[in-house]
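Peer 1: Protein chains in written order, with the working numbering: chain A, 1 to 534; chain B, 1001 to 1385.
By construction, these hints were calculated from the structure, which means they are not laboratory data.
Check before you lean on any hint, since a few could be wrong.
To give an idea of the chain B side of the interface with chain A (calculated C-beta under 10 Å), a few residues [said to hold, decoys possible]:
id	residue
1	Ala1078
2	Ile1086
3	Phe1353
Cut-off 27 Å, straight-line C-alpha distance, at most; resulting in silico cross-link-like pairs (DSS-like, lysine-lysine) [said to hold, decoys possible]:
id	chain 1	residue 1	chain 2	residue 2
4	A	Lys121	B	Lys1371
5	B	Lys1302	A	Lys54
6	B	Lys1114	A	Lys331
7	A	Lys54	B	Lys1252
8	B	Lys1114	A	Lys251
9	A	Lys505	B	Lys1366
10	B	Lys1114	A	Lys368
11	B	Lys1252	A	Lys505
The beta-carbon is built from N, C-alpha and C at its ideal position, and this holds for glycine as well.
Each chain, written out:
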Amino acid sequence: MELDIVDLSRLQFAMTALYHFLFVPLTLGLSILLATMETVYVMTGREIWKRMVKFWGTLFGINFVLGVATGLTMEFQFGMNWAYFSQYVGDVFGAPLAIEGLMAFFLEATFVGLFFFGWDKLSRRGHLAATWMVAIGTNFSALWILIANGWMQHPVGAVFNPDTMRMEVSSFFDVLFNPVAQAKFVHTVSAGYVTAAMFMLGISAWYMLQGRHLQIAKRSMAIASAFGFASALSVVVLGDESGYEANLNQKMKLATIEAMWDTEPAPASFNLIALPDMAKRENVFAIEVPYVMGLIATRSLDTVIPGIKELVEHSKDRIRQGAVAWDALQKIRANPEAVGEDVRETFRQNADSLGYGYLLLPYTDTPKEATEEQIDAAAWSTVPEVLPMFYAFRIMVACGFFFILMTTVFFYYSSSGQLDVLRQKRRWLLHIAVWSIPLPWLACEMGWFVAEYGRQPWIIESMLPTSAAVSSLTVTEVLLTLAGFVALYSTLLVVEITLMIKYIKIGPDDGEAEEVPPLAAARTVPGAMTMPAE
Amino acid sequence: MILHELIDYGTLKMIWWLLLGVLLIGFAATDGFDMGVGALLPFVAETDIERRVVINTIGPTWEGNQVWFILGGGAIFAAWPPLYAISFSGFYLAMFVVLAAMILRPVAFKYRSKRPDPAWRTAWDWALFVGSFVPALVFGVAVGNVLLGVPFTLDSDLRMTYEGSFFGLFSPFSLLCGLLSVSMLVVHGSAWLSMRARGDVVVRARRFGSIAAILAIALFALGGYLVASGYVEGFRITSAITPDMPADPLAKQAVVEGTAWMRNYSVHPVLWLAPALGFIGLLGALVLLQSRMDALVFAFSKMAVFGIISTVGVSMFPFILPSTAQPDASLTVWDASSSHRTLFNMLVATIIFLPLILAYTAWVYKVLWGKVDEETIEKDNHTAY
Chain A
1 MELDIVDLSR LQFAMTALYH FLFVPLTLGL SILLATMETV YVMTGREIWK RMVKFWGTLF
61 GINFVLGVAT GLTMEFQFGM NWAYFSQYVG DVFGAPLAIE GLMAFFLEAT FVGLFFFGWD
121 KLSRRGHLAA TWMVAIGTNF SALWILIANG WMQHPVGAVF NPDTMRMEVS SFFDVLFNPV
181 AQAKFVHTVS AGYVTAAMFM LGISAWYMLQ GRHLQIAKRS MAIASAFGFA SALSVVVLGD
241 ESGYEANLNQ KMKLATIEAM WDTEPAPASF NLIALPDMAK RENVFAIEVP YVMGLIATRS
301 LDTVIPGIKE LVEHSKDRIR QGAVAWDALQ KIRANPEAVG EDVRETFRQN ADSLGYGYLL
361 LPYTDTPKEA TEEQIDAAAW STVPEVLPMF YAFRIMVACG FFFILMTTVF FYYSSSGQLD
421 VLRQKRRWLL HIAVWSIPLP WLACEMGWFV AEYGRQPWII ESMLPTSAAV SSLTVTEVLL
481 TLAGFVALYS TLLVVEITLM IKYIKIGPDD GEAEEVPPLA AARTVPGAMT MPAE
Chain B
1001 MILHELIDYG TLKMIWWLLL GVLLIGFAAT DGFDMGVGAL LPFVAETDIE RRVVINTIGP
1061 TWEGNQVWFI LGGGAIFAAW PPLYAISFSG FYLAMFVVLA AMILRPVAFK YRSKRPDPAW
1121 RTAWDWALFV GSFVPALVFG VAVGNVLLGV PFTLDSDLRM TYEGSFFGLF SPFSLLCGLL
1181 SVSMLVVHGS AWLSMRARGD VVVRARRFGS IAAILAIALF ALGGYLVASG YVEGFRITSA
1241 ITPDMPADPL AKQAVVEGTA WMRNYSVHPV LWLAPALGFI GLLGALVLLQ SRMDALVFAF
1301 SKMAVFGIIS TVGVSMFPFI LPSTAQPDAS LTVWDASSSH RTLFNMLVAT IIFLPLILAY
1361 TAWVYKVLWG KVDEETIEKD NHTAY
């Protein structure tokens, strides 16, 4: 397969963003958990809570620093690989990124130093305040990034200006309170909280299986299962909100998630399993659950959800309109001062569909004279591959329900004071908790895949195609940096995981009060868990 | 909303040009001493404990300082989108080198002391050196290229084509700027070490700082001569400019002209203050480095950073990224900014948050203040880097 600049740039963005999001969710959730545990410490004065904060704080630090390091790339690669995107929407998209730095990242990065180095230099309350600043900064950071990302999914509050050849803000308020951004924010931070909760739950379960650090493990498990339970519910419920918003704004994304080729009478059925075929434009095989899809996506019994084929037909009209807009724009750009008011008026009338006009550019240099075949090809280019969308979404949702189940079970055992029962009689549950540690990461990455791949071919939904947004670079240049980032990130990831495992094995400082664990009991149980080797 | 009409567009562009300066100077004055310290690390500290002393003078605060870099990127994106798009895609491979080096730095700080193994620690020491020295050098080289002009063109859709190459970035003048940047930050880093550390590392830091100060003075003077003599050609706008024009870089005409970078000084002689502060700062640091007036040395090195960066800005004004391949497409203060509304909104955000940032950063420095030496490292063996 021959990869061009667009493919390689997308691959690079996907790679760096997915790597970045290996570290971000844990930072989001663990920072809140650390602040919560430290609050308990300050309120009760019990040293064990301080030792918990220090232990989980060490793991937080090992993870945090890679979030920071990989985040550096994110801030600059829009300019590096997506220069035309940056020029085209920087007026809108740049602001949330800059405010993220001003309002959030400075806060978290400045106070994280105090978190690690300020234990002896601050009062208890002073240190607690610093920890909360880190947690708040981290979460605000996510807010601004998702306002930026939400705008790419649903570009509100902006208009295209032919004199500057870019989109400009018309209402900053609309950009901030974009419903898609708000839904994405709560869904994403909840996902981060679930990740941290499952991480803490799994490691605590491992200590319980080993019969080590029981005091700290039980407390950690209690707090992680309660926090995880609330977050897992919220991630699924608010994910549903995202689905609802997607139906309002990104109908194609929803149709491909559901592999729904044809429009069905309302309420539409839900494809539990299907084998979509892009070439035949149908599902070779499908198991359907009646009514469910219509209910989730429209929250009504009588609203029709358009299928992929119907959406493609709609696109054709907009492509024709977009070709007119594109043509008028070229005339304006060629001679901005002398161009007639009629041309400007033609542009204004069709400007909403300008993005669809760009879709023709891969097929013809003169969009206005495009043939029906070209328009058909451009219209079908608005459909992302259905199969990966369909399954990525289902893996994410299955993980979500599994997290609710797991945290419910552990919350039950911890809130009824039966964690020792788990350790003695239900060890298999603890084993499941340990082996579930990677699942939240899988769910997060699948979620981002659905969100971003599902927006294709658009970089800005219905406004600018990804193929028109790249920088003028050579294949060699992009390959070189792609290889460089893969090598660097992979090395750092291996180092990170090795250090994580080392410090998990060392475990927390138990202080003097720790009971001596009944080691014999742990060893006699068959299949006692050991962590994967370093 | 018409709130943004409170300040006219041309004035906002000027304010954002000044804020761009504030960001660059903020970055160089804070993260700059971290880079200076990192670049000095292998040379001023020989034993493991000495290296830990050096690293821990910046250990708790480098992270906040580095945000100036991130914020710089974000703010240029928000306020100067064409500059963000053209400079980072134009300097593509150089940016990759900077990012790769800067990615190593946070990891090196955090992971170095997580294992006692000497090979592990030495590897991260070199990562810290690379993560400090390479960005300092490349940023200087980039500024040199901006002064020389960059070979890019814009078509009528404002799509940019870059006609240069990675190795084309390294001309004698841009290398001079790169070395000036490194030596300036080494002076700054050694001033910081003198103030925050104790022991042999300080003696060595002062020695290297003095050498770097002499080098920086010589390079700054030579660079200034090359610009003043017209060896480095400047740019001049030849068409009429209205400060509130829409941000279309193609709406004006410009030419390359021998000594155009000196024009602002003859029109406004007060601007000579910028290079003067650069020299005074470097000289002051050089003279006082061997004394015990550490805080004063640090103030002088900050003054040098301020003076040298300001010199670049005021020499080029109103240009921010001139094009050698198509001078008309050069980016200037008047035609490369965001819209009126965005500049206003971002100004409001800056007015709210920048003072807050400065206040809590100052507070955190105060809490963490105190000399670092071998004793303090041994006392905090577990928490220190």
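Peer 1: Each hint: holds or not?
Peer 2: Now for the hints, and whether the structure bears them out:
1. Ala1078: holds, 3 Å
2. Ile1086: holds, 7 Å
3. Phe1353: With a closest approach of 4 Å, the Phe1353/B hint holds.
4. Lys121/A - Lys1371/B: holds, 14 Å
5. Lys1302/B - Lys54/A: Judged against 27 Å, a Cα distance of about 36 Å means the pair is violated.
6. Lys1114/B - Lys331/A: violated, 63 Å
7. Lys54/A - Lys1252/B: Roughly 60 Å between the alpha carbons, so the hint for Lys54/A and Lys1252/B is violated.
8. Lys1114/B - Lys251/A: violated, 49 Å
9. Lys505/A - Lys1366/B: Violated. Lys505/A to Lys1366/B sits at ~36 Å, over the 27 Å cutoff.
10. Lys1114/B - Lys368/A: violated, 63 Å
11. Lys1252/B - Lys505/A: With Cα atoms ~65 Å apart, Lys1252/B and Lys505/A exceed 27 Å; violated.
Violation of the numbered hints given earlier is confined to hints 5, 6, 7, 8, 9, 10, 11; the remaining hints are satisfied by the structure.
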